[in-house]
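So the sequence lines, in the order shown, correspond to chains A and B. Per our numbering, the first sequence starts with residue 37, numbered consecutively. Per our numbering, the second sequence starts with residue 626, numbered consecutively.
No wet-lab data here; the hints were simulated from the structure. Treat the hints with care, since some could be wrong.
[What the hints assert, rightly or not] Not everything, but these chain B residues come out facing chain A in the computed CB check (under 10 Å):
1) Val-629
2) Pro-633
3) Leu-638
4) Ser-645
5) Phe-659
6) Gly-666
7) Phe-673
8) Tyr-676
9) Glu-680
10) Thr-726
11) Gly-728
Source: prediction; values computed, not measured. Here a beta-carbon is modelled for each residue, glycine too, at the ideal position from N, C-alpha and C.
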Amino acid sequence: DGGITQSPKYLFRKEGQNVTLSCEQNLNHDAMYWYRQDPGQGLRLIYYSQIVNDFQKGDIAEGYSVSREKKESFPLTVTSAQKNPTAFYLCASRGGTFMNTEAFFGQGTRLTVV
Amino acid sequence: EDQVTQSPEALRLQEGESSSLNCSYTVSGLRGLFWYRQDPGKGPEFLFTLYSAGEEKEKERLKATLTKKESFLHITAPKPEDSATYLCAPIGSSGSARQLTFGSGTQLTVLP
Numbered sequence: 037d038g039g040i041t042q043s044p045k046y047l048f049r050k051e052g053q054n055v056t057l058s059c060e061q062n063l064n065h066d067a068m069y070w071y072r073q074d075p076g077q078g079l080r081l082i083y084y085s086q087i088v089n090d091f092q093k094g095d096i097a098e099g100y101s102v103s104r105e106k107k108e109s110f111p112l113t114v115t116s117a118q119k120n121p122t123a124f125y126l127c128a129s130r131g132g133t134f135m136n137t138e139a140f141f142g143q144g145t146r147l148t149v150v
Numbered sequence: 626e627d628q629v630t631q632s633p634e635a636l637r638l639q640e641g642e643s644s645s646l647n648c649s650y651t652v653s654g655l656r657g658l659f660w661y662r663q664d665p666g667k668g669p670e671f672l673f674t675l676y677s678a679g680e681e682k683e684k685e686r687l688k689a690t691l692t693k694k695e696s697f698l699h700i701t702a703p704k705p706e707d708s709a710t711y712l713c714a715p716i717g718s719s720g721s722a723r724q725l726t727f728g729s730g731t732q733l734t735v736l737p
């Protein structure tokens, strides 16, 4: 089945540690996105990538880093510089001509700082 | 800068009580708009794409409409299983088309 897989579903991080969230898609989509969602809030864009080896900052990129070495994969690293990382993280991908194609989402990773 | 506002933030309805959710926006060169549904702890699920003012789309008890400045999601005779957060994302013609910016959502609760 085609889709987007995020792992792990739950992740716990100690203060001062970096953690990496995985996002893999087999939809052959060029564009991929990372969003953060806090309780009762909407989606805030962290980073997006339109093509391999290229990515752009979204609205809240500070304390996060990404890479796009393969079309299928867009991992997100939450660094120790992110002071309040506890949140629900969503990855999405989008194909075709970006202007009017919908995004498909993974099931999310819930990150908790302990 | 593109702006997206959804209202109300939360809505509680009795089963069978119809209502509408609003998504208003300021985007340069609107090319369309997406509506999504999100259940707690899950990723958003695509509902509709609307491409031009005046367009309407329906799915079961949901009907989405689009004008140049806002979109409505009408819910007719809702059931408890319609309870979810509904998100909209307008598509502009500039960089926002690639960024895909969402509104903050309307949390809908339908009581039996």
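Hint-by-hint comparison with the structure:
1. Val-629: It holds, given that the least Cβ distance between B/Val-629 and chain A is near 8 Å, below 10 Å.
2. Pro-633: 13 Å, violated
3. Leu-638: With a minimum Cβ separation of about 19 Å from chain A (threshold 10 Å), the hint on B/Leu-638 is violated.
4. Ser-645: 19 Å, violated
5. Phe-659: 5 Å, holds
6. Gly-666: Constraint on B/Gly-666 satisfied, holds at 7 Å.
7. Phe-673: Holds, because the Cβ-Cβ distance from B/Phe-673 to chain A comes to roughly 9 Å (cut-off 10 Å).
8. Tyr-676: 6 Å, holds
9. Glu-680: Violated. Min distance 12 Å.
10. Thr-726: Hint on B/Thr-726: holds, closest Cβ of chain A at ~7 Å, below 10 Å.
11. Gly-728: Nearest chain A Cβ about 6 Å off; hint holds.
Hints 2, 3, 4, 9 from the list above are not met by this structure, while the remaining hints are.
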